[in-house]
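Visitor: Listed below are the residues making up each chain.
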Amino acid sequence: MSREGTTIRAYPDGPFLVRGPVTVLDGDGNEGEVRRPVVALCRCGRSRTQPLCDGVHGVAGFRCDAASRP
Amino acid sequence: MSAAAAFAPAAHAVSRMRYLPRPRGDVSDALLRGLSVGDAAGLAATPVRPDDPLADDDLHLALFLAYELHYRGLPGVDDEREWDPDALGFRRRLERIVEDALRDAVGREPAPAPEEVPALLRALAREADGPFSRYLERSADLAAFREFLVHRSAYHLKEADPHSFAIPRLAGPPKAAFAEIQADEYGGGDGAWMHSFLFARAMAGLGLDPTYGAYLDRIPGHTLATVNLMSLFGLHRRWRAAAVGHLALFELTSTTPNRRYGNGLRRLGLDADTTRFFDEHVEADAVHEAIAANDLAGGLVRFEPALTGDVVFGARALLLLDDRNAARMMAPWTEGRSSLLPGTAPLPGAFEERGRVA
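Chains A and B, in that order, are what the protein sequence lines are. Mapping the first sequence onto the working numbering, position 29 (from 1) lands on 29, and the numbers just tick up by one. If you count the second sequence from 1, you need to add 1000 to reach the working numbering.
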């Protein structure tokens, strides 16, 4: 599934995974260090490292199946 | 000089086991003598009858050492021993005992439909959230944290290696997903961010010796069993789907506990170098868990539906051994006792002074 540019994929009951060059800014516009080629963006709203995912959707029981079926 | 270049010599210097552990009974004694003296033929006559095959100190040390021949090797042991038929035959006997006990303890529920695998893995992960990580976040003292890192050093100093054995056993998109996760575990091309190296820095930050195997004498069988499980799954092609299920659940149960461990260390005043291993796992495993559950485990059973039961078995086996391991670490800590075996590798300022260790 190689595609041009940056891709954003929704995962069932989980985050958006962004593959490709991105700059991640927090709510105050501060740039966060992005080392890995894939970052996970929070979709459940509960992450304490916004806009990144911190996995809290799992214990929180976040569900979004219908909207993210590939 | 880049950070990675500066770290490389130090990381390499501590990457090999410096001394063999002491035997814990007839089984590990036979293996150690067989490997170092070269009398592996005598292994066949050694009886193996553990009371608890999933936690036995003697059996799991022997199995851990037998597997170690496939990783970094053992000091004073010829690398030829890795494929010595007598040593392998002995390892196989130990593995069968562990596998039989695992099957009995985990059970074999009917396999779900392949397309249900990612959701089932997420559900298993939700159920797995126990008191252990909260205890470390809120209550554990430095002595308990040091012991926690000593237990975990059996795996994290070779983090990702057991599962990596399974990569060449797969093909196509699940293999690509697997490799994407493992590349990140190995630092994404930067040795300074290799997870095993971040763990060594965390150990050093707590005053522990980060040398590979430095505390092996102190690590009980119930902890070594959690690592032997990964080696068993990784080194046998027939268990490749269990290795995948194990990895998926490992990633799915990683972010929240690691956030708590990092918080616990910050509560105790430790610096960012020491907490980085745990903080990094929150960010990294948020990515890994999505890939592992959906693209790796879900992808594998979409291509090979017959492997669905094994994926779930690998996940359940991890939960079973991790639960037992966590309970056996935590119980002595809450009573102010050491969770480690008595031994000659002392921990700084640990339970030694007030605990049971002579």
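Don't read these hints as lab results, they were simulated from the structure. In this text, all values refer to a predicted model and were calculated from it rather than measured experimentally. Any given hint might turn out to be false.
SDA-like mimics (lysine to any residue), calculated; alpha carbons at most 20 Å apart, straight line [what the hints assert, rightly or not]:
1. K1175(B) - S1164(B)
2. K1175(B) - R9(A)
3. K1175(B) - E31(A)
Visitor: Evaluate each hint against the coordinates.
Guide: Taking the hints in turn, this is what the structure says about them:
Distance check on the hinted pair: K1175(B) and S1164(B) sit about 11 Å apart at the alpha-carbon level, within 20 Å; holds. Of the pairs offered as hints, the one joining K1175(B) and R9(A) holds, with about 19 Å between alpha carbons and a cut-off of 20 Å not exceeded. A threshold of 20 Å between alpha carbons decides the hint, and for K1175(B) with E31(A) the separation of about 33 Å lies outside it, so the pair is violated.
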